[in-house]
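Chains as they are written, first to last, in my numbering: chain X, 1 to 332; chain H, 1001 to 1332; chain B, 2001 to 2343; chain F, 3001 to 3343.
You may find that some hints are simply not true.
Stated by the list, open to error - DSS-like, lysine-lysine: derived pairs with alpha carbons at most 30 Å apart:
#  : chain 1 : residue 1 : chain 2 : residue 2
1  : X       : Lys184    : X       : Lys311
2  : B       : Lys2324   : B       : Lys2265
3  : X       : Lys182    : F       : Lys3184
4  : X       : Lys311    : F       : Lys3274
5  : X       : Lys184    : F       : Lys3324
6  : B       : Lys2274   : H       : Lys1311
7  : H       : Lys1184   : B       : Lys2265
8  : B       : Lys2184   : H       : Lys1311
9  : H       : Lys1182   : B       : Lys2265
10 : F       : Lys3265   : X       : Lys311
Honestly, the hints are just simulated from the structure, not real lab data.
None of these values were measured; they are calculated from a predicted model.
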Amino acid sequence: MSTEVRELSYSQAIQEAMAIALEADERVVLMGEDIGVYGGAFQVTGDLIERFGPERVMDTPISELGGAGVAVGAAVTGLRPIFEFQFSDFATLAMEQIVNQAAKMRYMLGGAVSVPVVMRFPAGSGTGAAAQHSQSLEAWLGHVPGLKVIQPATPHDAKGMLLAAVADPDPVMIFEHKLLYKMKGPVPEGHYTVPIGKAAIRRSGTDLTIVATSIMVHKALEAAETLAAEGIDVEVVDLRSIRPMDSATIIASVIKTHRLLCVYEGVKTLGIGAEISAMIAESEAFDRLDAPIVRLGGAETPIPYNPELEKAAVPQVPGIVAAARDLVRGVR
Amino acid sequence: MSTEVRELSYSQAIQEAMAIALEADERVVLMGEDIGVYGGAFQVTGDLIERFGPERVMDTPISELGGAGVAVGAAVTGLRPIFEFQFSDFATLAMEQIVNQAAKMRYMLGGAVSVPVVMRFPAGSGTGAAAQHSQSLEAWLGHVPGLKVIQPATPHDAKGMLLAAVADPDPVMIFEHKLLYKMKGPVPEGHYTVPIGKAAIRRSGTDLTIVATSIMVHKALEAAETLAAEGIDVEVVDLRSIRPMDSATIIASVIKTHRLLCVYEGVKTLGIGAEISAMIAESEAFDRLDAPIVRLGGAETPIPYNPELEKAAVPQVPGIVAAARDLVRGVR
Amino acid sequence: MTAPATAPAATDSTNLPFLYRHYPREELLGALRRMHLIRRFEEAAEESYMRGLIHGTMHLSIGQEASAVGICLPLTREDQITSTHRGHGHCIAKGADVSRMFAEFFGKTTGYCGGRGGSMHIADVSTGNLGANGIVGGGIPIAVGAALTAKRLRTGKVAVSFFGDGANNEGAFHEALNMASVWKLPVVFVCENNGYGMSTSTERSTAVPNIADRAAAYAMPGVIVDGNDLSAVAQASHEAVERARRGEGPSLIECKTYRHRGHSKSDRNRYRTKDEIDDWMANRDPIARYEAQLSEFGIAGAAEIEAVRLAVRAEIDAGIEFAKASPAPATADLADYVYTEQQ
Amino acid sequence: MTAPATAPAATDSTNLPFLYRHYPREELLGALRRMHLIRRFEEAAEESYMRGLIHGTMHLSIGQEASAVGICLPLTREDQITSTHRGHGHCIAKGADVSRMFAEFFGKTTGYCGGRGGSMHIADVSTGNLGANGIVGGGIPIAVGAALTAKRLRTGKVAVSFFGDGANNEGAFHEALNMASVWKLPVVFVCENNGYGMSTSTERSTAVPNIADRAAAYAMPGVIVDGNDLSAVAQASHEAVERARRGEGPSLIECKTYRHRGHSKSDRNRYRTKDEIDDWMANRDPIARYEAQLSEFGIAGAAEIEAVRLAVRAEIDAGIEFAKASPAPATADLADYVYTEQQ
Ligand SMILES: Cc1ncc(C[n+]2csc(CCOP(=O)(O)OP(=O)(O)O)c2C)c(N)n1
Ligand SMILES: Cc1ncc(C[n+]2csc(CCOP(=O)(O)OP(=O)(O)O)c2C)c(N)n1
Ligand SMILES: [Mg+2]
Ligand SMILES: [Mg+2]
């Protein structure tokens, strides 16, 4: 199909998904700080306000807790808000509404309501914005039953998963790595969905499984090319969905390769890789492991401002190559 | 020593620690909602206001974010505040100050300040207070570099670790399980500290290591008695400190027993047990494992109100016994 | 309180307080019934708690019934409220069935929340109650969201958010009231000021003497009413609800009231005097005051009031029986309702 | 702007604005120097950014210098401030050394934060600046905490919290101002109202026309000043700081001002007109206004002002050289400063 080859950036893909949702359903509204005429801090909403007006593309005051709460209340009563945090770090102000209200309301009320809210969290480091604008807090929300938590890694998935999120009756949290916004990739036109809860095998291989999230998928694929040249055949799994997690795909891959490396940007301790590792260590894949499970995660530090330190604080391609090589060659 | 046999409840032990700290250092102040004449929602501050007055034992308005921020600002400028969240669930309102400010301020300022604040979080289920008053969110804070995060399981440790926390120049977060408050145990008189960052072996054994946190330590010890009667010899490790985590003690135990079961009340996915499991799976203990690493954590649900459901939502002794038995007997 | 033997005719209705001018007799008696139902419901819940039929904790609104009932009087069933930890009264005032409330407190499947929520999450979405809330101030932004839906989808609904004096110091209060005002949303903020947030008096917690003094900071009307005077509350609510329905934006109503009981089941009552409590109970009880007015204005005499009391008592007893007889959820169903079943 | 050839003698000093009555000539020139230093620092930082010497983003306060300098005039070195993402001016006004600020922006070990913080966390604790803040409103409760320390330890210090108009809609603002008032703490809240929170005008974000209108909700004085008039700002600050030092509690000062540049390096300036910007730049520039006053009141003529400018330029150039020559941190030191070294 000719439409398959069209390329969009990750942010354009999200914008297109939002436009489709706004067009299709008058209940959909966008909310967030400076998403109107400014177009969003990362220009993801762009000019949508011109097409849909300020009643559908709502600038909120700088009130993350209240704004998230308004989105939750609106979702419970009939709207389908897509709420943008300007940076995921500011969600620290709104955890109450996300975790105590959105995630639990259906349960606490015995099924009497659903909370179809979508929240978008621009996340991650690499922009030189230092410790309070660079965090990767997806593990927190992944720990919370009642939420669905996703991390699309490609423009294709960003669009399809956002459209799946809008259609989902439950609260869906989308972590978008800021460095992906400009990345281009093929994006089909029109409406389509990519299911929440399914991982994707981005490269198949036999020697080692790398499960990576978000931007780390691309770094892992780059590392896999280097490793291929050394004769190491890596399978790269794009996790895509943290809650629910597609254990079956990961287990099957590890049963095939006998080795697992988890690569993620969030702080290593208690990050996504901890869960993947633990899930495998209690699964039927455990007996098939030929090597320890290794995690490459963010450093145990806040994200520093200095660009060299900043790079050193999260996994990079050479580190992935080295860790994979050691794992396959049996170096401890 | 005769003082060693004196028994106090967990909450009395904390209160005694606070009294010692208030007595010893005029910079120490207590802050929190209803910690004055009310004595705290769980009567932990009790009558301290009568001894130290309302300037040292400060009732705050119901303003968790602002209150935590005031404590952080006070700590940076010379006080040593001990801030009580009435329930740990309300910390969702204050994550901004805890995570963006307290945890990162020293780093962001290149070491120019320290933030000697102590925060106390009454946590956990079992009181029939339902989903918004029963969470175990310690994994969130354990994921945050710059914080120290502890979970004392006994009155002795509650006092000694709180005194260590007050002396610590960095922010220390203390998770106290509400069901422990009434539990009694030996508590030495006077000032002593229990170091932050050290696990404790509560029972030594050869067949299986159970690493448990907080109230689960006691359930694990109870399970160990049952298992002993069946000829299964369990080693019980009380984690005590989440960040920093005492990997060495856990690794040594697993190298000895070849099997690991993690028991914790927080939601299983991305909870404390995920980190313990993953840490072992990438350690030198990996090759010594004779069985998969099993986690018993909280259910993937909010905490329900109904008491039977509430019990079913977190690990209980029979479940621990069964999981341990299966692990040792090799049942999958 | 004794009513005159024969109720005097309300000759000049223009001199009567708002309530009596505005509502027909059966609605006035309905309001009386709901006030008694709240009172008796909470007394019965307290007894059940003492007898071990209910676990956890609960926050009783005994003494605050006029506020819940008066505010809800001008609301339709479609209008929506968000409530608080002290939310039994709001739930009943909005029209919930006490049987299903008891069932919830008893942790049964027939409860409004299937036994998952309990007292602190009591709700009846079918009568517009989006739920009590365990988080002080947590419901305020949610009500603003409900008002946003009403405005965007032009449903004509009004949202009402109940909260306490303590809640007014939460950031959520500030952020929500500001947004509601900037967006001119159809929402009414109702502060039930019972003088204390748990043990902390408003004087020790709040920089201004009245919560309504803060309305000006959000450019909305702020009115203070005697929260134990049903008519005064109903009038303030009527005006605020009409304003909201006309599209003129939010209002803040402060109902000055008092809780007779402790904050929750664990209160040693150290922060207020017995005299203060006794005074409110003896001289400002909202039900006694309303009954006196009903008599005075010739709407209901002692016999009719007694009939309401008896009917309420029967309704409560039947509710408890229903709750007792209902099944508890199976532990196998623990994970129900975490997510919406998808097709 | 041209100064009169001979500066007229300030004959009747009682008719002069506050600033000129209150501060000796060298302090007035010091204030001029600091305003120029801020302006030139930010221009140079902008140039360095364009030339790739600085990465990340930055928020320039060009046009707001009178607010930073005027507020800090009555403060001692020991008094403490918390600042914002737009914090370079506050840092310089409080006494920081521009060399170490540039070094920080260049990510060097000699920077105030050892290269870990950058523009958004610029701080100089030694001169009482507890730091810029990447979180809008994040510094407000921290300043209240500093004031609590001052009160409890009786240090006599005053805390000042700078924040923007956008920040006033954060819950942190509400909670912090309320606590400061209830506890009568020595803190001054300074809202630098430049008309916009990023792209959102105060009119679209804030229910009241002036931020100071909210002071009443916290029972504290709220004053509005022309934030581009150094004397007016200094006077308001003087009064609030003295009040705080006397133990009478907090105040809120709203400085009406304007930023000449975009919000940050990524601003397309779609939300305000070129006319509006030009008007503020041409007619209300705080430095030009101050220089005109200095001339008018005979404090400094064109030559003296030019000397200040030149000295500032040299200081900036030297600062950049220092920063360039300084070493970058080693990646091996990534984890320094996460925790305090323990004995
Ligand atoms: C965010 C939050 N903080 C604290 C509490 C604990 N708490 C429950 S009710 C209450 C007092 C609330 O006071 P008020 O708003 O005046 O309501 P009232 O209880 O008087 O009806 C407190 C502190 C809570 N549930 N949520
Ligand atoms: C909690 C939080 N929300 C949003 C942002 C993003 N942000 C940075 S500055 C800014 C505008 C702040 O406006 P104002 O307080 O008026 O300060 P100004 O930029 O005008 O100086 C926004 C929205 C942030 N840094 N922190
Ligand atoms: Mg109250
Ligand atoms: Mg501004």
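To see whether the hints hold, each was checked on the structure:
1. X/Lys184 x X/Lys311: holds, 22 Å
2. B/Lys2324 x B/Lys2265: holds, 22 Å
3. X/Lys182 x F/Lys3184: Not satisfied, since the Cα-Cα distance of roughly 50 Å exceeds 30 Å.
4. X/Lys311 x F/Lys3274: violated, 39 Å
5. X/Lys184 x F/Lys3324: Distance ~36 Å between X/Lys184 and F/Lys3324 Cα, so the pair is violated.
6. B/Lys2274 x H/Lys1311: violated, 39 Å
7. H/Lys1184 x B/Lys2265: Satisfied, since the Cα-Cα distance of roughly 23 Å is no more than 30 Å.
8. B/Lys2184 x H/Lys1311: Violated, at about 46 Å.
9. H/Lys1182 x B/Lys2265: This hinted pair holds, its Cα atoms lying about 17 Å apart.
10. F/Lys3265 x X/Lys311: holds, 22 Å
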